[in-house]
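Trainee: Guided by the hints, dock chains D, A and Z onto chain P, whose structure is given.
Here is how the chains run, residue by residue.
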Amino acid sequence: MSLELIRDILVATVPLLLIFPTLFAFTTWLERKALARIQNRIGPNKVGVPLTRYGGRFSLFGLGQPMADGIKMLFKENIVPRDADRLFHLLAPILALIPAMLVLCFLPIDFPWINNIQDSVKAFMLDGAVIFFFAITGLNTLAVFMAGWASRNKYSLLGGMRAIAQMVSYEIPLVLSAVIVVMMVGSLNAAEIANAQAGWNWFIFTPWGLAAFIIFFIAALAETNRSPFDLPEAESEIIAGYFTEYSGFKFALFFLGEYIAMFAISGLAVTLFLGGGAGPGVAALPWLSVIWFLVKIFALIAVMIWLRGTLPRLRVDQLMGFAWKFLLPLSILNIFIAGSALHLLAGGRLAGLDEKQPILRQLMEGANPLVVAGLWIGALLILYVAANGLNQLSRAKVRPREYKYAE
Amino acid sequence: MSHTVNHESILGKFPGTNWDQEAGALIVPTVQAKEIATWLRDNDAFLLDYCSNVTGVDYLECEVKEKVTKEDGTVETVTRTEPSRMDVVYHLYSMQKQTGPLVFKQRTNREQPEVESLTPVWRSCELQEREVFDLFGVNFKSHPDQRRILMWDEFEGHPMRKDYTEPFDYEWEPTPHDEILEKHQRGKVIV
Amino acid sequence: MSLLGGGIFKGMAVTLRNFVGSYFYKDRLTTNDYSWRPSDKLPQHAGEYPKEEGEQLRDTTTVTNYSRNFPMLLHDGSEPMDTIRCVACQICERECPPQCIYIEKSTEKKENAGGKPQFYPAKFDIDVSVCMSCQICVEVCPFDAIVMNSQFELSTPDRFGGLLLRRDDLLKSNDYYHNIHPEEAAARDKRIAEEKAAKEAKKKAAAEAARKKAEEKAKADAEASEGTPDIQEDAE
Amino acid sequence: MSSATAIAPNYELIQQDGLETSLLEVSMGPHHPSTHGVFRMDVKLDGETVVDLQPVFGYLHRNHEKLAENMSYLGSMPFTDRLDYFNSMTNNWAYALAAEKLVEIEVPERADYLRVIMAELTRLVNHVSLVGFFINDLGALGTPLLYAFREREKILDLFEQASGARMMCNYFRFGGLRNDVPEGWLDRARDVVDHFPVFLDEYEQLLCENEIILSRTQGVGCLSRDLAISAGITGPMLRASGVNYDIRKVDKYSIYDRFQFRVPYTDGNVGDCYDRFMVRMLEMRESIRILKQALDGIGDGPVLGNAPKVFKPKPAEVYGRVEAPKGELGFYLIADGTPKPYRYRVRPPSLINLTVLRDMCLGQKVADAVIILGSIDIVLGEVDR
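Protein chains in written order, with the working numbering: chain P, 1 to 407; chain D, 1 to 191; chain A, 1 to 236; chain Z, 1 to 385.
Treat each hint with caution, since some may be false.
[Unchecked claim] Derived, one-sided and incomplete: chain A residues facing chain P with beta-carbon distance under 8 Å: (1) Ile8; (2) Phe19; (3) Ile91.
[Said to hold, decoys possible] Derived lysine-lysine pairs resembling DSS-like cross-links, with alpha carbons at most 25 Å apart: (4) Lys190(A) with Lys204(A); (5) Lys252(Z) with Lys97(D); (6) Lys312(Z) with Lys67(D); (7) Lys67(D) with Lys314(Z); (8) Lys154(P) with Lys44(Z).
[Stated by the list, open to error] Derived CB-CB ranges, DEER-like: (9) Phe119(A) with Val310(Z): 40 to 50 Å; (10) Thr165(D) with Glu202(Z): 48 to 58 Å; (11) Arg152(P) with Gly47(Z): 10 to 20 Å; (12) Arg190(Z) with Asp168(A): 43 to 53 Å; (13) Gly219(Z) with Leu154(A): 49 to 59 Å.
It should be emphasised that the hints constitute simulated quantities derived from the structure, not laboratory data. Cβ atoms here follow ideal geometry from the backbone N, Cα and C, with glycine treated the same way.
This is chain P alone, in the form it adopts within the complex:
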């Protein structure tokens, strides 16, 4: 291994390992602050510049809070239940963090410092990046179940079982909605998918893309155990689920893993549907694409926080029902719609397309505006009717009621 290669690997990975945990710290602050404001509280506002005498005076809206939390977590006692499986109990948080960190490199963020390094180190140039992404995120399930099982706590076990059921079910709509983008682009390469949406050609601006994005986002919420799908750690039912027996820094690692997974899956959503780094001004200043990418990630995370501040949790059977009876048929229908749309747009041209170029882009260039408009309305109508029908099928009796009054 040459020295240059090692340098390139370090240049490619170390910034990632620094940037995202920093962003994680900021996100915990953001989440606490936003939730507090949603709930009409103030939120953290005391901890200021760390390690200075005037830390309290210049509180900077409590931005020092994550650091204080981290220090607190580090110094807390490491408790392992007596009957727990010690090895797996300690391994689980690490295993939860690793895949989350690993998939970060598939995000096509054009950091300026990696332009000069060897292609082989640019992991996101991998041809099967999207497949890899899902494969590695799947490992997270294992960590969660390991934590639930090894803690030897009934609540942890329940949490772990819930987590497996939930993640396995929601992975299917997640992947199926990503399939649409792959069909449109004709590639599994994350960078190519992002490039295909340069300018304003974001896939969210197509009807099937919009539907796929919504399905993807919902499934992503479930994959990352975010409210309203936070069943594995449902604190009002099973204490903290698989977290129950974790304390101190092990808990912090789980927490970190969860938030990094949130970044990763939001990053994938941005890549697949929201145009990656595309945005105003990118053509002139290429480094802006990094900013845009992160801004989009944070926009998605803000929505997640907003949802968390609003919604109660689903029940476990409703959760499974929602995945299998609602999201899955809808995403399959969506694939059909997308396929037929491509076919209609293409007419007889499908065979003559350049495989190296984004398929949808090529088709759109020569399309009849009337056909496009018809497709739009038709697709949205079909999807809405289908969604309503599925909803009626599964929850026919659920509706607000009338009440009587006695004088």
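Mentor: Chains D, A and Z alone, transformed into the frame defined by chain P:
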């Protein structure tokens, strides 16, 4: 105020029952209790479908001073001994007729208190009868689940009885004066 | 038929409104900011008291008219034990629901503020770790000697000694009482004055009646047996 | 009339290929985030389904009744605050009502009005925070709860201004109230009452149509009309099961016959958690109606009749009850001519409403057991006494 229940017809129908004028309560022999309770619940004249409150009352043997008016008009104070007893009191209401309450008492002895459980008649007695069993030691025949409810299972005695004395190794709050302080200083107090 | 997920969107609108509103409307963001503020306004609530860095406030008070914390004993003048109102009648000790008052009556009488010889409490302890601030001692006291304090900074490292308030800790002047519960204290003083006035008026009336009676009697006596000197009775 | 205890389904453990399965026995509580205090449910689970449930009581037991029997009548008034510590005003009222029956004291009119105002404010406090806790049990991270607490805070401020304490008010006395409300209090109360419907609108918008709440609560924890009556369920829970029974209407105690208000109830088909939640939401509107009438109708006058502070009632037995926010709160007093009650009994609505917990939870998911418990509305200070 809700309408009171006419009790005359009950006394007529069940000769074993008494009406305690002072307490305003129907006193029922325990053997008949369930029968009368079911009748009160189902009879259209009463429809006492709702048993609100169940509790026990412990009466120690005591001396009662009574003023007795003699035949010649003079008033004399007589002391008589009231025997000890245990009452289980039920407050009955009717939700359908919105009447009540009818106070319904089962009277038993203190030493081996045993009454008929009315849980099969009114479900609301279930936990309250358990409570009476726990705190007074009244045994409810045919109660479906007679266990201690508020005190822990290993607890000895029935704390609501009037002659209950608390054990010495009780967890006192050692307030720094009074008899509690003395107990504290004797060093047997668990803090 | 409502929009699919419409209820969720409605709820999200509400939370968004609260999120934005909390930056603009005081009645949405009701949380008190506990940080120090450079204003010398009197605190309105327990949560609103100013606190300098590192300062232990032992006598912090709230000014809500009826706020109550733990009892205190009132005295009228500068030297507490000379003007103490309590006469150690022990009614409060008997009535206290958690039994947290402990009184020992003095053996000899001593002049109180009114100049009347009275018993006084040789010991008067209140165990505030047991006291539940119910104010029943205040209500049953016939001498207006015990009222509620509103001091709440009472934390101490010593559980048994530090939370047992002795007579001298409990003694507070009437002025202090006026300071912390102005309305209540004024009402109480007014009532005491009225009662005193009524008592005095009654006494006066009684004295007057006695005098009149005596006069009449004297007159009658004089009429009966002239020459005997008038007897002036002094009703106390 | 069904009054029998529900029977757990006959459960056969599957044994196959030498593998043995068993039910998961979970002890939920006494330290569990959503058992509303130190309450324990011994739950047997088949996967997530509850196949058996036993409530366990007594962790907060302090023998309130025994304490009160060794104390003067007035002395146990502050202890009644601690029964249902959310609603000290109605607890005071129930006790005062029973004691007033015992010695036949007249209550001045102004005191009666203030009692109604305090009781209805208490009802608002209780229902609004119960709904908050309930949605919190559903997993909503406290947002509705904190909105509820924001409004509760304003009412607690009123309580503090009137009685000197926010929760342990100890405000009622036999024959009236301890002291009159301070100057300007009625205006402040009017202000709070006028603003409450605005908040309720927002609250309803947040909660009442939310699809997740609807599907979580509807059809969960159904309580039939017959079982509800037989099990002595009272309060909003009874009315959610379709019985129109409100002690304010039935007994017309105090001056409740002077006010125009309606009692919301269902037709008794379902009686599930959603009904219980909605009946409470609707009841708050009616409480506001009563409050508005009471604040308009209140006149001047004394607030305390000439009842002695310490009294010795003649030997008698009374049972006084009020419609507390959680149900029928009754006090059963037996006097024997001494200054202490011979028998002092609290009829706790929370405990008796728990009778049917097991019946409602069997066959539901473990997440439902939590919200069923939440919808019953218990306070452990009252359950265990």
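Trainee: Look at each hint and say if it fits the structure.
Mentor: Here is what the structure says about each hint:
| no. | hint | verdict |
| --- | --- | --- |
| 1 | Ile8 | holds (7 Å) |
| 2 | Phe19 | holds (5 Å) |
| 3 | Ile91 | violated (46 Å) |
| 4 | Lys190(A) with Lys204(A) | holds (20 Å) |
| 5 | Lys252(Z) with Lys97(D) | holds (15 Å) |
| 6 | Lys312(Z) with Lys67(D) | holds (19 Å) |
| 7 | Lys67(D) with Lys314(Z) | holds (15 Å) |
| 8 | Lys154(P) with Lys44(Z) | holds (11 Å) |
| 9 | Phe119(A) with Val310(Z): 40 to 50 Å | violated (21 Å) |
| 10 | Thr165(D) with Glu202(Z): 48 to 58 Å | holds (57 Å) |
| 11 | Arg152(P) with Gly47(Z): 10 to 20 Å | holds (19 Å) |
| 12 | Arg190(Z) with Asp168(A): 43 to 53 Å | holds (45 Å) |
| 13 | Gly219(Z) with Leu154(A): 49 to 59 Å | holds (52 Å) |
Of the numbered hints stated above, those contradicted by the structure are hints 3 and 9, listed in ascending order.
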